[in-house]
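A.B. asks: Sequence:
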Amino acid sequence: MVVAILFLTSLVLLTGAPAAATQVLTNVSFSPVLPLAPGSVQYTTSSITIIPSGATTFSRYHSLQMQTGLLDAQWDIQVIVNGIPAAQQPASGATAFVNGYLLSYPTTSDLAFTVAINGTVPASAGTTVTVLQVTELDNGGAPVPGSSITVTAPLHSAPPGTPGNPSVTATPLSSPEPVSSSQEAHMPGFSAGVGIGGAVLGALAWVSVQQQRHT
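The sequence shown begins at 1 in the working numbering and counts up by one.
The hints are simulated quantities; they were obtained by calculation from the structure and are not laboratory data. A quick note: this is a predicted structure, and the numbers were derived from the prediction, not measured. A few of these clues could be false.
Label pairs and their computed distance ranges (CB to CB) [unchecked claim]: (1) G54 with I84: 17 to 25 angstroms; (2) S92 with A142: 18 to 26 angstroms; (3) A123 with D76: 20 to 28 angstroms.
Note that CB positions come from ideal geometry on N, CA and C, so glycine has one too.
With the hints as constraints, model all of the structure from the sequences given.
C.D. replies: Pasting the structure below:
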């Protein structure tokens, strides 16, 4: 009887608290290029690779919540398995969700997804805009600690002296194979130089891509 109770308890723990996957941002592109212009239409694409830490690439009982600060946003989310396009999901508005079963594959599979957003830059957004935030939610709808990825971009109103070469906080794992996209911008291990004219009339642009990991 004791053995059976222990077995059932272990089974509940394993199925009720699946391990969270690790998301690694591999590429970001902007069109038009940075800095963003308030009130203008902006198109951005982010590529994210998923590193599994459980029995599958992603828990089918979890989900991904995606948010953007762009207005009237139109989303195109493309799942890529072993380099081949798989599930595709459109969405509209400030928030989009992806069910875990669309991301759940055997760990022998290479899983990634791209997030394309087309929206309007807010006219009064301050100096930066949160272009994309991706957070894994557990089966109760609560954020999984340390699972968020945030992509921010500067506006033309960014103050002079803002760093032109952004720093990227990468996941302390071996680098995954990047997912290609139409335009390359800033990604882990990659920085773009910023030309400096004789008289700087505009603000220096910067992109800060931060992966927040909490315990």
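A.B. asks: The structure should be examined with respect to each hint, and the outcome stated for every one.
C.D. replies: Consistency of the hints with the structure:
1. G54 with I84: 17 to 25 angstroms: holds (23 angstroms)
2. S92 with A142: 18 to 26 angstroms: holds (25 angstroms)
3. A123 with D76: 20 to 28 angstroms: holds (25 angstroms)
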